[in-house]
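Protein chains in written order, with this note's numbering: chain G, 1 to 315; chain R, 1001 to 1122.
It is worth saying that the hints were derived from the structure and are not from the lab.
Hints may be right or wrong, so weigh each one.
[What the hints assert, rightly or not] Using 30 Å as the maximum straight-line C-alpha spacing, the simulated DSS-like pairs for lysine-lysine come out as follows:
#, chain 1, residue 1, chain 2, residue 2
1, R, K1113, G, K231
2, G, K231, G, K175
3, G, K231, G, K182
4, G, K239, G, K182
5, G, K73, R, K1113
6, R, K1113, R, K1032
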Amino acid sequence: MTALSLAFTKDLFASVMLTGIYSLLSAGFFVLMDAVDVAFTEAAVGAGISTILMLTTLTMTGRFENRKLHHPKIALSVVIVTGVMLVIGTFDMPAFGSPSAPAQTHVAPYYIQQSGQDIDIPNIVTSVLASYRGFDTFGEVVVVFTAVIGVLALLEFSRQEQDASQRPAPMFQHKILRIVSKILIPPIMLFALYVQFHGEYSPGGGFQAGVIFASSIILYAMLFGIEQTRKAVSMPVVKLLAALGVLIYGSVGIVSMLNGGTYLNYSVLAENDITGQHVGIIVIELGVGITVATAMILIFLTFAGRIGKTEEEIV
Amino acid sequence: MNFLEQYNYWIVILLMMSGFYIVIAHGNLVKKLMGLTIFQTSVFILYISVSKVFGGTAPILDDSYEVYSNPLPHVLILTAIVVGVATTALGLALAVRIKEAYGTVEEDVIQEKDLQQEGSTE
């Protein structure tokens, strides 16, 4: 329903709020579907960071969109035809929740039965993410890093020095908000660290921890202003850390090669296989956490730092 | 055979098509990105609903459970969400730059301006 109403609102601000609600709803849905790790990520990323990013963009691009739609009737008919064809395609699909569906019978049983012995951590999602499919995850981290470089290239390097430092922070007058958030920020950071280092035992891990950590910095930036945050969090250091996270992850692979294994084979990292797996997973999760956290902070600060300049140019 | 067994796919298709409609019918670039996000999330829901096993529980090993949902799609979607927000951020950054260059993020206005510019240089 939310998605449908989203299709027809003209007010972009309302649409952003709807995407936030939509993400929160889908996070709830993921919990119902037993995907607690995914729900955690969606709640932090979809309902939090991406909503904030959309809002920040709107302050620069304008709140309302044009009345006119591109040939809504043609578009609607294309959509309906595609939808009907997809529905016809589902008639051959396995039933929902069936234990004998092809998806459940190939490699999944191996992960569920063996990961306990191979890696000895309870959270199968973490073992698959960090160990069995470590290559994939490395790729994802590199993509996040590349996207940050792209955002920086587009927004940061073309930015002239602005005199925004004199402007008061956007929410400077809200005393209660400022004090409450000052109390909240340290626990949020602590919670991020908990999620980071408990990823093996409970839902969570580097991706979620990174996003939660970044959200504490973003909260600070929203209440105390961008310039203040840039003073508190040194931008060159954050940029360096983003690269360092990828480097940590990649060098774990190199170290395991030097120890006589293949790339990202953690078993050779310590005396016995299982300890090696644990060391490997903790180190690469740390790399993931650092890169994701710094990436989100960088993206937000770059977007927000842009606002002052755009206003001056357009007006 | 009971057709209602595939209702999860139909919900996904409904979501996916509303995202698709937003992308092709709206001219505003930011709105298009929102449509893409809806589309993307519908794919996430597809994968996660495929991984569900009736009677299963979250894939965190514990002696008191026997049946677990498939962990593999969870891993794929977990990373896809974070990568998704990073690429959305890249798209939004492009929209911001387009706004600065053209003064608008409406597709048709941008196209008009492009045509005008071609006309004036030739």
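Worksheet item: Looking at the structure, which of the earlier hints fail to hold?
Response: 1
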